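Residue numbers (the working numbering), protein chains in the order written: chain A, 1 to 117; chain H, 1001 to 1112.
Honestly, the hints are just simulated from the structure, not real lab data.
Heads up, a few of these hints could be off.
[Stated by the list, open to error] Derived pair list, reagent style BS3-like, types lysine-lysine, alpha-carbon separation capped at 27 Å:
1. A:Lys-109 / H:Lys-1071
2. H:Lys-1014 / A:Lys-112
3. A:Lys-3 / H:Lys-1014
4. A:Lys-38 / H:Lys-1014
[Stated by the list, open to error] The calculated label-pair distances, taken between Cβ atoms and stated as ranges, are:
5. H:Thr-1079 / A:Ile-116: 21 to 29 Å
6. H:Arg-1013 / A:Thr-20: 23 to 31 Å
7. A:Ile-116 / H:Gly-1096: 39 to 47 Å
8. H:Thr-1079 / A:Ala-100: 25 to 33 Å
9. H:Thr-1079 / A:Ala-81: 30 to 38 Å
10. A:Lys-16 / H:Phe-1012: 19 to 27 Å
11. H:Thr-1077 / A:Glu-15: 42 to 50 Å
The model shown is predicted, which means the values in this text are computed figures rather than measured ones.
Idealized CB from N, CA, C, for every residue including glycine.
Each chain, letter by letter, is given below.
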Amino acid sequence: AQKVTQAQTEISVVEKEDVTLDCVYETRDTTYYLFWYKQPPSGELVFLIRRNSFDEQNEISGRYSWNFQKSTSSFNFTITASQVVDSAVYFCALSEPSGAGSYQLTFGKGTKLSVIP
Amino acid sequence: DGGITQSPKYLFRKEGQNVTLSCEQNLNHDAMYWYRQDPGQGLRLIYYSQIVNDFQKGDIAEGYSVSREKKESFPLTVTSAQKNPTAFYLCASSPGGGGEQYFGPGTRLTVT
């Protein structure tokens, strides 16, 4: 079973539409971290957000917002009023303890978002 | 500027040759990581290092080797034993303890 599932492989929206990218994770740890990264066509991964497992407060940063629900093991990402520059592959990731104080990051397979002008 | 550099951006090799990918960071991070990305796939962990002179295998370490002689540097060698080495390789660093990982620009390796 995948630890991080991004069920949407590709999404296309028209500019200015809102779009939500889904992420479902699986872990037995009580302490863990969740991340979203953006990968534009250049290839470099850009860090967007980190949440720890004890903080379920939703977060908003400009047009971006994140909804963390432990009850459903989900960490969804919404872009409001999408723009062409939002076109990229978005990865959700889970960080779990892997022993001796270290953490290991597991990525979902990504959702490719295309924003059409 | 603080960040992670990887060189070269594109690398071409003949089958049977070993090749070393460079990764340097000046963020003073303790932890460093190597990932492989194949088309349409997520990232898979090859090796990681929490401190100098220590490193651990990730999920797909076979055919790869690393060293961590300096805090700033974590080179990855793709050996001839790696059966399918053509891929996009990403290096990352983090302060450790579950902190976010910051990524370099990546090296696209093509082996023919």
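Do the hints match the structure? See the list:
no. : hint                               : in the structure
1   : A:Lys-109 / H:Lys-1071             : 30 Å, violated
2   : H:Lys-1014 / A:Lys-112             : 32 Å, violated
3   : A:Lys-3 / H:Lys-1014               : 36 Å, violated
4   : A:Lys-38 / H:Lys-1014              : 32 Å, violated
5   : H:Thr-1079 / A:Ile-116: 21 to 29 Å : 44 Å, violated
6   : H:Arg-1013 / A:Thr-20: 23 to 31 Å  : 42 Å, violated
7   : A:Ile-116 / H:Gly-1096: 39 to 47 Å : 41 Å, holds
8   : H:Thr-1079 / A:Ala-100: 25 to 33 Å : 27 Å, holds
9   : H:Thr-1079 / A:Ala-81: 30 to 38 Å  : 48 Å, violated
10  : A:Lys-16 / H:Phe-1012: 19 to 27 Å  : 42 Å, violated
11  : H:Thr-1077 / A:Glu-15: 42 to 50 Å  : 45 Å, holds
In summary, the numbered hints that this structure violates are 1, 2, 3, 4, 5, 6, 9, 10.
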